Amino acid sequence: MTSTVLLITGFRPPHSAMPRYDFRRIESRWQQYWEQHQTFRVEDCVADKPKMYVLDMFPYPSGEGLHVGHPEGYTATDIVCRYSRMRGRNVLHPMGWDAFGLPAEEFARKMNVHPRIKTEENINTFRRQLKMLGFSYDWSRELSTTDPDYYRWTQWIFLQIFDTWYDAECVWTGPDGVQRRGRGRPIAELPIPAEVAAAGQAAVRRYQDQQRLAILSEAPVNWCPELGTVLANEEVVDGVSERGGHPVVRMNLKQWMLRITAYGDRLADELADLSWPDSIKLMQRNWIGRSVGAEVDFRVATTAQAQQAWQQSRAAGGFPVRAESDVIRIYTTRPDTLYGVTYMVLSPEHPLVDQLTTAEQQAAVQQYRQQAAMKSELERTDLAKTKTGVFTGSYAINPVNGQPVPVWIADYVLISYGTGAIMAVPGHDERDYEFACQYQIPIVQVVAAASADGPQADLSVAAFCELGVAVNSGPWDGMRTEDVKQRITADLAARGLGREAVNFRLRDWLFSRQRYWGEPFPIWHELDADGQPTGLLRADPVQSLPVLHPHVEDFQPTGTPEPMLSKATGDWLYRTAEDGVRLKRETNSMPQWAGSCWYYLRFCDNRNSDCFIDPRKERYWLPVDLYVGGAEHAVLHLLYSRFWHKVLFDRGYVSHPEPFRRLVNQGMILGENGEKMSKSRGNVVNPEQVVNDRGADSLRLYEMFMGPLEQVKPWQTSGVEGVYRFLSRVWRMIVDDRAEQVVLDAAVQDVAATPEQLRILHQTIRAVTDDIERMAFNTAISRMMEFTNAMSGQAVRPKCVLESFVLLLSPFAPHIAEELWSALGHAQTLAYEPWPQADPQWLVEESVEVPVQVNGKLRTRIVVPVDTAADVLQATAEADEVVRRQLEGKTVVKVVVVPGRLVNFVVR
RNA sequence: GCCGGAGUGGCGAAAUGGCAGACGCGCCGGAUUCAAAAUCCGGUAUGGGUAAAACCAUGUGUGGGUUCGAGUCCCACCUCCGGUACCA
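Whatever position you read off the first sequence (first residue = 1), add 901 for the working numbering.
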């Protein structure tokens, strides 16, 4: 009875088998297939395939799970990888976890669960969510920075840095065949001055310890009591911690510093050859902030004879490495303005301040220094509206003209930059100008405008900071600024009073933290008989690595700058060496940046227990061909990684000077309201939800269809709907959605394609291919939509055309593509099918529509054969009715004819 | 302040100096349906014009410039976003 009714009404039973595009079934099926068949496992060092290393910035596995921002970059790289495999490349596409860090430790503190447990839980969530999206990672290469097998080698690299000193004069040629000046060399090769050698073994060791690239030094640091750790300058924003916004105070602590500044020149110069966005290169260059100028010595004023004697000794002995105790050494980028110096400024922390302060000024200076010390970084920058300072009572002699100038202290001069002291030229420096006005210090003009039409100097209004010509500058008057700089520096150098100098805005990298959940340092402190540190250090032997975390009972912060690891028991903290020396372990831990500095190397060889990377694999895979991640890492992570890489390069462990050949930054995805996504704004989109609603292929496609990868763009849930509809149309174009099984639609036939169909196909192949090469995924998807719109209307859809199309679609929407490929009769995955080739024969249209303009305004369009010559094209245009009317009664002055593009009549 | 990047329909966007708005969303109309969903077809920058078309004018943040021709190149400015902040 039922069947009768069915026949009469044409009603078909709902069939669960698979009529429609059922993404749930398709996606889980193909994810299982890839996993079972190890489809994306990659071999190292394959000789007959060109390699391609495509890397995502690995995520911090937060407790929140995946964010829609993650799949943006990951989808882009996955498309490139899948495409590249089909183009015959051997593709390395790994994923891992940057899993050390404070949140897991905070959680441990609240819940008393070991950070490792929470970390593993978070990683499991992230891995599950990423696998849902169908990325073609080689999961056998997965790693976490928190794996002892991984951080063993992080510690090992630290020891290499510890074992290295920077020989700035060394000229050498690397394995890349490029000659460089400056090289990190083994500390054992450091020349020891005779007097140090004579002072004994301990003196030699202390001397070496000062020259290493990793040194312990007493430095003013940002201590955050709330977080229980010191923070790098970069982690402090406006005087509070970047994470959590807790107050930060400055204090002096002994901390590990990595001497990244030694590599400042190379880090800046070697950006040149990288395929990175210019804006990122510029940001790095600005961050490094290399400037060229001069160091100049000003002797504290005493008697004329003493001054003369000093100058004579300098003329004879040259410019010393360290200035004498009565000499103020300054750094300036404008040595040409030396004649305009009307005062000098020492930073309040400068070691000469006490010595220079006269009895009358004692109280004022003392008070000022105390104030400055108490000011946080925030206040010091915030209160910068009006400059403050105090006169020390002393004068120094200007080496170019013998004039005495007063010496002040002021907190607008930073102890950490240059020499911590400046010559002040209020006429030609904004800050000095402001200060001089504040304290009625004379302002002298020594630079005049170079020409009448450029910016002019008016020192009654503002400092004149432009280049120009020297005035009031003795022998240099009339010379151009650039020339005076050169010659005055040379002149000072000849007299032993100055020299050319280079400075960096970049500071050395504060490399220790006081947290539990970071890599322990493989370093011991020697103790004396009383159990006090002697200041001498010992490195763990590399065979004994990793230094594992100690067991601790609770994760409450110590409340003091004493590191968390100091809560460890004695057997972790202390040891007696073979020679009987009592040792205490270093209890600081490494910052989160450490693990991410070199993970791209370990992906090439993540199971190696003999070395951090097999040199053969390093030479095969490195450098990374494409690195995609957020612009928030534009400076720090990328600079730190490059630094470590260069140390490893100098020490012969890696063969390329740079780790990342090409860099692309994805733009942030905003909430639907155009604001940054955040819990507090309530506009967070959960990718897992999108996958459940519309499938991974739709999510991937939408993330790419939103707009250019690099651009910031708002999320639109209706847009996901749009690409889902597109995938449904693709499905119906090939599969009969009325059948109970996945069978081809009756229109899909094994026949030859028509010329029109071939033209559409090959134009699509060409456009999609070009767009993938340009990483313009949004337009590639548009082209596939156009193809689908055109082909769906065809009564007969040749199978061969659809097969090529499915291959084009597969990098973007791999699950549906695999399913369709299988429906089209293929037993194997399409992951390694050759990428379709555009046949030039079908790329040319037979005729073309050419716009005709009159005076640049579009008047009509004419259709002509595609290769119509210029004169014929013009004649055709002139013959056109609309054009004739437009040209009537006017004089044609000129005709612009671009064959195949346009005709333009210029008339009067 | 300084250094980057970006301003194009109702929205996301597209456009080697050569037809502005491809593609998608939304909306409007139609087909299918008892009805709805889904699907399919058509339309959709603005103003004028027309019964409807044709057609005309305007239009890529603002103002200028180069050019036969400018969203695209140059100059000045405005707005938004990102970076940076006394670096001598």
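If you're looking for bench data, these hints aren't it; they were derived computationally from the structure.
Being a predicted model, the structure only gives us computed values, none of them experimental.
Be aware that one or more of the hints could be misleading.
List of simulated lysine-lysine pairs, DSBU-like, C-alpha gap at most 30 Å [said to hold, decoys possible]:
1. K1577 - K1614
2. K1485 - K1468
3. K950 - K1032
Structure-based check of each hint:
{"no.": "1", "hint": "K1577 - K1614", "result": "holds (10 Å)"}
{"no.": "2", "hint": "K1485 - K1468", "result": "holds (13 Å)"}
{"no.": "3", "hint": "K950 - K1032", "result": "holds (27 Å)"}
In the structure shown, no violation is registered for any of the earlier numbered hints.
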